[in-house]
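Line by line, the protein sequences give chains R and V.
Counting from 34, one number per residue, gives the positions in the first sequence under the numbering used here.
Counting from 108, one number per residue, gives the positions in the second sequence under the numbering used here.
Hints listed in this document are in silico derivations from the structure and should not be mistaken for laboratory results.
For clarity, every value in this text was computed on a predicted model and none was experimentally measured.
Any given hint could be a false lead.
[As the list claims (entries may be wrong)] The following label-pair restraints were derived from C-beta to C-beta distances:
(1) Glu495(R) <-> Ala553(V): 42 to 50 Å
(2) Leu306(V) <-> Gln85(R): 21 to 29 Å
(3) Val281(R) <-> Asp460(V): 34 to 42 Å
(4) Arg51(R) <-> Leu315(V): 37 to 45 Å
(5) Asp586(V) <-> Glu383(R): 34 to 42 Å
[Unchecked claim] With a Cα cut of at most 35 Å, we get these calculated DSBU-like pairs of lysine-lysine:
(6) Lys434(R) <-> Lys603(V)
(7) Lys153(R) <-> Lys714(V)
(8) Lys50(R) <-> Lys222(R)
(9) Lys406(R) <-> Lys434(R)
(10) Lys180(V) <-> Lys226(V)
(11) Lys714(V) <-> Lys603(V)
(12) Lys155(V) <-> Lys145(V)
(13) Lys153(R) <-> Lys434(R)
(14) Lys355(V) <-> Lys304(R)
(15) Lys153(R) <-> Lys226(V)
(16) Lys180(V) <-> Lys238(V)
(17) Lys226(V) <-> Lys145(V)
(18) Lys78(R) <-> Lys180(V)
(19) Lys318(V) <-> Lys238(V)
(20) Lys355(V) <-> Lys50(R)
(21) Lys238(V) <-> Lys362(V)
(22) Lys397(R) <-> Lys603(V)
(23) Lys603(V) <-> Lys153(R)
(24) Lys155(V) <-> Lys238(V)
(25) Lys362(V) <-> Lys153(R)
(26) Lys152(V) <-> Lys153(R)
(27) Lys434(R) <-> Lys362(V)
(28) Lys355(V) <-> Lys434(R)
(29) Lys153(R) <-> Lys552(V)
(30) Lys552(V) <-> Lys152(V)
(31) Lys226(V) <-> Lys222(R)
Glycine is no exception: its CB is placed at the ideal position from the N, C-alpha and C atoms.
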Amino acid sequence: MASPSDTSASPSERGDKRLRAYLRPYEGRLAFGVLLLLLTNAFDKAIPWVLQGAIDALEGGTFDKVRSAALTVMAIAAGLWIFRTRSRIEVFNVGRDVEYDLRNELIDNVHRLGPTFFRKMATGEIMSRATSDLGQVRLLVGFGVLRVVDSIFAFGGAIALMLALSPELTLYAMAPFPMIIFLARFFGKRLYLRSREHQEALAKLADVAQENLAGVRVVRAYAIEDAEQRRFDEANQAAVDASMRLVVLRGFMWPMLLLVASLGTLIVIWKGGEMVLAERLTVGELAAFNAYLAQLVWPTLALGWLLSVVQRGRAGYDRVRAILDAEPEVHSEGTVVPTGPGAMSVDHLEYSVREDGEEVPILKGVDLQVPAKGSLAIMGTVGSGKSTLAALLPRLAPTPKGRVFLDGEDVTDIDLRELRRAVGYAQQEPFLFSTTVERNIAFGMDDPDGPDARERIESAAEEACILEEIETLPDGMETLVGERGVQLSGGQKQRIALARALLNEPQVIVLDDPMSAVDARTEAQILRALDRAGEGRTLILVTHRVAAASRCESIVVLHDGAIVERGTHAELCAAGGRYSTLAERQQLEAELAITEDDARESRP
Amino acid sequence: MSDSKATPETKRAESRARLLTSAQAEQAERHYDLALLKRLLPYAKPHKWLFIAAMILMPLSSLMGLVQPYLLKRGIDSVVVEKSEGALMQVVYLFAGALAAEFVVRFAQTYLMQLAGQKCTADLRGDVMGKIQRLRVGYFDRTPVGRVVTRVTNDIDSLAELFASGAVTAITDLITLVGIVVAMLLLDWQLSLVAFTALPPLALLVNLFRKRARSAFRDIRTRVAQLNAYLAEQVNGVRVVQAFGREKECADEYKDINAAYRDANYRSIRYDALLYSVVQSISVACVALVLYFAAVRAGWVSAGAEGALYVGTVVAFYDYIERFFVPIRDLATKYTIIQSSLASAERVFQLLDTDEDDAPHRPGDRPVVEEEAAVAFEDVTFAYRDGHPVLHEVSIAVRPGEHVALVGATGSGKTTLTSLLLRLYELEEGSLRVDGKDVRDWDAKALRRSFAVVPQDVFLFSGTLRANLALGELAPDDDRLWEALERTGAADLVRKRGGLDGRVDERGQNFSAGERQLLAFARALYRDVDRIILDEATANVDSETEHRLQLAAREALEGRTAIVVAHRLSTIREADRIIVMHQGRVAEEGTHEELLAAGGIYARLHKLQTATS
Ligand SMILES: Nc1ncnc2c1ncn2[C@@H]1O[C@H](COP(=O)(O)OP(=O)(O)OP(=O)(O)O)[C@@H](O)[C@H]1O
Ligand SMILES: Nc1ncnc2c1ncn2[C@@H]1O[C@H](COP(=O)(O)OP(=O)(O)OP(=O)(O)O)[C@@H](O)[C@H]1O
Ligand SMILES: [Mg+2]
Ligand SMILES: [Mg+2]
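Extracted from the complex, chain V is given alone in its bound form (with noise of 0.2 Å):
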């Protein structure tokens, strides 16, 4: 639990913020900007004729605002001079249609910005979503659920910001600033470069911002994906900490995250508000500079009251400086979103590029191999941590149709066989074929499908009873399914729960845990494949139940390549052939009264179960 504050991601973070301190790294990291926004382009590709429009109407909309003072301004006369009730009321309708006009421009703009913003970010999410989906299973088990749906979920909503707030629009305001620029050095370039003195400060100001900023941002990201991960594992777990009584201690954990998530937020704040407190002031203090110069170079020319000359040129400046900074204004705000929004794209983007994908594709030299073997391991040597193998040198052949039981004890490196042979981690020592062919060089997705498989931990999904049991099958055979659970005997237990569109609540928490197991069991019978997996399927129920299941597993297993693994050897005594592993190594194998005689690991722990009983 708390060990996650310590995630790479952090220290990755504060590592580069360490280094990037120079000069140069500061370089490094506004084009590392440019980098993220450009790699946001592809998104915005499909929909750009969306974006155009809502570009064009922009200031189409703006000149709608003016029309109406203008006819205000005809209105007045109209009263004043021509003292016309007519012309008057023809003045009404054309601002009342004016004000049509620039509601239909308004809604259509926002209307298609709001629009073409929610695709990118859709289909972001969507990438996203399929990344999660290639990533290898070695990646879920260092890292929190939490975190990886706060890069969906969160991450992905803040960088939707970008869209939603029309940061995205930064470019237009730049667009403004360069035209009120050439026409205020048009209009007097002395009192322009005097009111641009104003802008080094701000720029200065800016960069300074832009890097706290950002830490600040990068700080939050974390943090929400804390936050996340750490709920979700209470809520997960909420029994252990309440039969343990720890939810004070648990809560508090929670609570430092969450203060840690608030500060970040506060120095957010911070620094949000000075920069726009800043960008406002300025303003201000600009067009008193402005006039000060003004007022000096008057006092040049002349002293006395030729100062009138450069009334109109100064009154033009006060209303062109109050236009200059209404851009920079914009973006002074705009900017903080950017940067906020930047820090969820450093996240997002860092996990599609995270090179761990699932199955890759291995080219390599591996004739396929004729064989009498469905399943063939040849020198298997793994380790999940380098260093630390679990499997030493397993050779292991399984003939087709043929079934076969693995025991030992726990830890022994059981459920890590079949894990491999569904290619969920990657062999890198020895060779692992299916028929014939190496794993390496299957597609993971047919290799996977042509497996049924009860995993040792059972997993239902939230939903109805029969996309648990069809998995991933839009159109399920009732029949079928009715049949896999007549088979497991799960059939009355679906039928007290409304069918096979009872509901099934998340992780299954509304079945008995060997209820569970059964669903599971009529799952994988459904799938119907010619090689089956059981990895201690019958762990949790009863010897009545047991024992009809291994019926119903010796009809359903019968032609059909089987790995059975279980610790209660009653339930493997009918295999062809068992393999004792020990300590990640094939440590006997043969037929039940073969192990008997060899008097083994096998007798040993067989005398051991039958003493007990």
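Chain R extracted, bound-state conformation (with noise of 0.2 Å):
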């Protein structure tokens, strides 16, 4: 799956000042930790001073000396022991401390997104961006500050020591280090792309397993499971080609540094030649800086793992900034709360979505009004829009300015929470949380632990004709219904997913198709059901049913994107429409059986 951001190839600058901002709450411990880590480098430096004394000592025959220098190393050791844990503890910490900001950052913002998003954002990809990348990301923050403290010292000490010895000679031995300039470009900028090819495999991977395993029935009963499995290898091949490839990267860097810390010797050998030979340096020196020279290989090399570190913290934060900054669809800066009866109206309700670059219109000016307490029933063809017109009600999806309005106020002036408490709405697919029956049930309950909670759930799965059914279940109301609800039936999660609408008693309903899964005796108590509810609230009602429809007190009949018909079910039956088809058709199939029931009835 495309992210957003993957248009742009190269590491954003502003991404870097964000994620600096990450670090802010945690400066203060980053800071000690550092200055532990500078004491540990301080001491760890010490130790062979000390050393070289004993070891003098020793030679010396001044035992004593030996004596107490060996217990000043037990010492400093110990001290150690405390400097490097406690170092690591800070740095590593604010490494998982920034994970967590953002990762509970991250699910503020997926609640936040629209349907637009997460069409183009495939489940895995984000579950992938939520651990994987993330963990680049915190890798950056936790280790790359403690290599970058430890190569600074370790630069710092040796360059001190050379300097001390030789400026001369220093300066021609740092002369190739600047080319590090140029590899750490050359480098950083490959390296974050592989990275990001690399963390976008194995986002793909995830995403193969995710829809693998939500589809396992269907996989199962069509027996694709090798089709599946072909496809699986091919994800996990390009994972293993995508880390390889990071790995050659990787490999070709490692020499070129190096090569730059060996230019240094080389030039050292030939330039401290020529001045022990001219008698301005002595061979000893120039050994001795040669050995410090020595010291500079490590830090050079920890560079380049550096170098990748942060390269690849950087593909994975900005991987999770597709998430983090992505733009809500609908904004929730209205501020008005809805106090009316619930009277609804759509004026001229234009919606499209863009497939490709291209605008494709859904709703071509939809007009409708439904007064408070009323019932409206919207019907049409498969595809016509009423789903995409029930979601816009209560701003699921981004409803246009000036175009819907509760009790005469524009939605999209609302306060989102409020308006999506006074408009109910159940989607035409349920989806359920796996949880138990009754939590489900309670999930829009502020308080859903409350004293007459108990009595509210079960009047709401009454109302849905679902309590005596949960009584059966193994459990109760207790009982777990699994992911998306697996465990129970179609008709049982339908209505549980109504029972959830009803418990709130939002002024107004808006149901999509709320009995597609249910029998005709159910059907026929929740439609009762409705009427006793109805009489208190606006009921909005998506149906295929003309049973249900005739019962609202006006029809909307949608086809491709716009209203056809509208009335009353009597008027639309005699103005000889669509509407009064089906309905011919449905009345047909009645009276036909009606008919030969009567008929059975009127033999002996």
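Both chains are given apart, each in its own frame, so use the hints to dock them into the complex.
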């Protein structure tokens, strides 16, 4: 799946700044950690000195000195233990803290995003970004800092010693080091891209696995396991390849850096040799100088390591940012609190989705009026835009400004949470959470553990005609329903979702085909219950059934995104349009059956 | 949601943590670690040459590193002693050559090692996926998808660290260590023994950390799985969360898991830091100890200048102790990675060991029955959860070519019957035969391929329309695809969406519910097999479309055996026989007319549905 920011190949500076902002709350602790790191390094450097002294003393036969030196080293070792432990804990913990904060921010933004985003980014991809990519960011913060401090210390120490010996030679020795900047540029960009590809490959893998599992019943029923395995193996191989490309890149970077360090040595042999010849330097000094220079090799290489951690972290961060920075389609800038009785009106509502850069119109100017406590049925052929319309009422999709009104108030001006509280909604395909039946019904409740909660849950279940059936489930209300409610039958799921929507007694209730999966008896019961419930609230019902529609005060028929008929059941039947054809067909069946019944009944 | 926290796995991990406190258990644990590593071995085996080559190159690359200082010395000599430019240049060339050689060796070494590691983990990953394909559907009823995905992704990634970090090379560290120990003993056994006194406390600490660290890492694995499962659910149900304004509450639950994950990580960091620094400090302390002892010993031997005699040994020892601790330090670093990887390995192997095979081979004495039935249920009693049967002694026989409709209240077991027919669940009581052969004797794939199904919950995969309609086929027949689409009336829709190459988003979210159902119908028609199952295949379509579908179905079902589940009785009027299910039992059976005449459940249902129209 392509991510919104995939087009920007280079890491953005803004991203780096933002990342730094995440460190801000932990600056104090990080500084403390760094200080401890410095101390650790200093102690580390002190040990050889003390030991050297001790060995000299041993040579000189002053054993007391040796003993005291040994004790000093012991003490330093103990101190080191504490400092080193503490410093690592501080620095790495900050990495975990940043990861924690970023992940929390991520879920918050996921909750703000709309359908357009989720069409572009699949579940597996999001999961991968929230774990694997965030992990890379954390490494950047934790290990990254550790390495920077260690390297700076190592560089600083060695250079200081070299300067003390011979400033001139130091200058020569350091001559190749600016090359590191170019190398960092060169490899940095490539590391970033390769890392990104690798992370993408991993996400793809997660995606394939996630989808395969989500569709496990279809996979099994159609026995396409082999094809699925093949698809997975491909993604698996792609991940290996991406990973190896990264390995190759790092494999090249490493000797390049080594070359820089070694060039320094070469120059030192060269120039230092000359200086020795000119008797400006002793051979011993040259050897010592070289030893210090050798100490630079490790930090130079560590720099490469650092570079790769940094670039991976940035790549990871940029991928996480694609979620963090995704612009919510539905903004919650409104402040009005709805208090009215719940009249809804829709004024020339147009809506389209972007598909491959093209606007595909879904709703082409829909007008509707539902008076408070009134009822409206929305009918129409498959794909005519009913669900789209229904979702736009509580702003679950980006409702355009000035088109949809609740009690005369533009819904985009209403506080989002309040709007959704006032306009209840049950989606066409019921989605249940993997918890108990009770928790699912109580999902919209503010106090699911309150004293009257159980009662309200039961009455909502009653209204949705599911209460009796719940009692027959293995653990009654406590029955776990499984992910998406897989452990329930289709009709059970649908009615639990309906109960959930009815529970909060919103002023307006929008039900998207709430009876598609129930039998005739249950449907009749629900319809009666809705009639009762409808007395106190506005009902907007999407349905394919004339039986259900005819109970509503008015009916609209959608076709291809526009309303083609509107009126009461009687009016529409008389008008002789689509609705009347539908009604006739359903009526015909009814009559056919009834006459059959009558015929049978009239027979002896 | 919150209930997912008390997963069987956590419980198991907890109970095992509790159990394993005695020394005996510790022993068991160590064996268990070895057992885990041993189980990884088969994955390394096919790539053993890569590993061996990498291992051989490793000391070689260190050797290359040693050549350079030697050349350096020669360089200095040539300048100082021979004072010759030519010799110097020669050294410079040699130096460059050594550099190039080191590059080649190092590159080859890392490349081979990483390649071998990648291949191992990819194989393991493939195996886990393969296992998932063979687990029974019931397993996934209970296990959140996100958690299983974590096994395939994060857990294996973490396991891969074992290879990527080179922790597998710990063995070479051990070899180095042994070599140094021998050298030290030869040099001065007394001082060696003094130096080695540092080891027992080290071992003790390492052991202590190991246990703690492992439990932290186990915790981490569990939490990652929870994070993934929870996030996946939130993403899938985001519209519900938004519609009910539960963003904050849901985010809080997620943040709790996130905090638990962070805390588990804090713990692992603490143990890792402690272990790492303790090794560093002990190595320093050890040198001091040797010095101290050397001084004391020198004091014993003579009170004077003879201490100097020992200086050489001490200096040499200093060097050895340094070297002695290098592999120990390396081991300590790798140790953490190994612990973390083993915690992941546990998870992964746990999945691989799950004994819940889909459609297992069940040998039994079940003769093939010569019968006039394509499908025969005989006294089938079935329970998803023990003690709660949802089907009771169901007996249904469907003749070849017959169209049977299943109707009945919701939750009466209609979908369950179709699942059993496909052997998605294992039959425990009674028997179920397809073509006279018990389903338990069928090859599960062959059995399933002999049916075309439109399931109640339609599922579309992301990808193209073509891939969705011709599920699993490598070279679909476009003509037949179009034919199936024309029949279901979805052809126009597909044309509008860019033809068979048109894109389908995750779960088909860019299609309306009814459109998805039409596509699923077309998918079943394309299958073109003798037996077809339609489970509420028209629940989400309008009557006009339904009517069209019925005509299509009539044609398509001609001569085929069909089992049609429907709530809308209008859809099944033409069935040869209607079976009415009631609370898991067959309540009535007969044709539409017969059932109406009987005046039972069906007649009442029918009256209800028609009366309301
Ligand atoms: N995977 C499952 N695990 C546990 N229980 C299940 C599972 N699937 C279904 N059930 C239970 O088994 C019973 C029968 O369910 P089934 O899906 O067969 O009903 P159905 O007749 O198809 O109903 P509907 O018309 O609502 O689809 C229900 O009580 C349901 O809760
Ligand atoms: N991303 C998209 N790109 C193109 N078309 C889309 C996209 N998403 C939805 N549509 C189309 O928008 C139309 C309206 O969809 P909607 O779900 O509102 O239909 P509906 O009336 O609810 O249908 P149903 O009765 O099947 O539930 C459908 O034709 C659908 O294919
Ligand atoms: Mg719809
Ligand atoms: Mg069902």
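Do the hints match the structure? See the list:
A C-beta distance of roughly 47 Å is found between Glu495(R) and Ala553(V), which places it inside the suggested range of 42 to 50 Å. Under the hint 21 to 29 Å, the C-beta atoms of Leu306(V) and Gln85(R), about 26 Å apart, fit the expected range. Take Val281(R) and Asp460(V): their Cβ atoms lie about 36 Å apart, and the range 34 to 42 Å holds. Taking the beta carbon of each, Arg51(R) and Leu315(V) are about 41 Å apart, inside 37 to 45 Å as hinted.
Distance hint for Asp586(V) and Glu383(R): a CB-CB separation of about 38 Å, consistent with the stated range 34 to 42 Å. A C-alpha spacing of about 29 Å is found between Lys434(R) and Lys603(V), which places the hinted pair at or below 35 Å, so the restraint holds. With a CA separation close to 47 Å, the supplied pair Lys153(R) and Lys714(V) exceeds the 35 Å bound. Of the supplied pair hints, the one linking Lys50(R) and Lys222(R) holds, its CA atoms being roughly 18 Å apart against a limit of 35 Å.
Distance check on the hinted pair: Lys406(R) and Lys434(R) sit about 24 Å apart at the alpha-carbon level, within 35 Å; holds. Between Lys180(V) and Lys226(V) the alpha-carbon distance is near 42 Å, which puts this suggested pair outside the 35 Å criterion. Of the pairs offered as hints, the one joining Lys714(V) and Lys603(V) is violated, with about 41 Å between alpha carbons and a cut-off of 35 Å exceeded. A distance of roughly 14 Å separates the Cα atoms of Lys155(V) and Lys145(V); the hinted pair therefore holds under the 35 Å criterion.
With a C-alpha separation of about 24 Å, the suggested pairing of Lys153(R) with Lys434(R) holds against the 35 Å cut-off. Proximity of Lys355(V) to Lys304(R) is assessed by CA-CA distance (about 68 Å); at most 35 Å being required, the pair is judged violated. Pair hint Lys153(R) plus Lys226(V) holds up; C-alpha atoms about 31 Å apart against a cutoff of 35 Å. Taking the CA atoms of Lys180(V) and Lys238(V), the gap is about 59 Å. The hint is violated against a cut of 35 Å.
For a cut-off of 35 Å, the pair hint linking Lys226(V) to Lys145(V) stands: about 17 Å separates their Cα positions. At most 35 Å may separate the alpha-carbon atoms for a hinted pair to count; Lys78(R) and Lys180(V) meet this at roughly 26 Å. Simply put, Lys318(V) and Lys238(V) have alpha-carbon atoms about 30 Å apart, close enough for the 35 Å limit, and the pair holds. With a C-alpha separation of about 28 Å, the suggested pairing of Lys355(V) with Lys50(R) holds against the 35 Å cut-off.
Restraint check for Lys238(V) and Lys362(V): satisfied, since their Cα atoms lie roughly 32 Å apart, inside the 35 Å limit. Between Lys397(R) and Lys603(V) the CA atoms are separated by roughly 17 Å; this keeps the pair inside 35 Å, and the hint holds. Simply put, Lys603(V) and Lys153(R) have alpha-carbon atoms about 20 Å apart, close enough for the 35 Å limit, and the pair holds. A C-alpha spacing of about 24 Å is found between Lys155(V) and Lys238(V), which places the hinted pair at or below 35 Å, so the restraint holds.
At roughly 25 Å between alpha-carbon atoms, Lys362(V) and Lys153(R) fall within 35 Å of each other, so this suggested pair holds. Straight-line distance between C-alpha atoms of Lys152(V) and Lys153(R) comes to about 41 Å, which puts the hinted pair past the 35 Å bound. The suggested pairing of Lys434(R) with Lys362(V) holds, with an alpha-carbon distance near 34 Å, which does not exceed 35 Å. For the hint linking Lys355(V) to Lys434(R), the alpha-carbon distance of about 26 Å falls within 35 Å, and the restraint holds.
Only pairs whose Cα atoms come within 35 Å are accepted, and Lys153(R) paired with Lys552(V) is accepted, the gap being roughly 34 Å. A hinted pair counts as satisfied when its Cα atoms are at most 35 Å apart, and Lys552(V) with Lys152(V) qualifies at roughly 31 Å. Taken as a hint, the Lys226(V) and Lys222(R) pair is honoured in the structure, with Cα atoms around 27 Å apart against an allowance of 35 Å.
Of the numbered hints listed earlier, those contradicted by the structure are 7, 10, 11, 14, 16 and 26.
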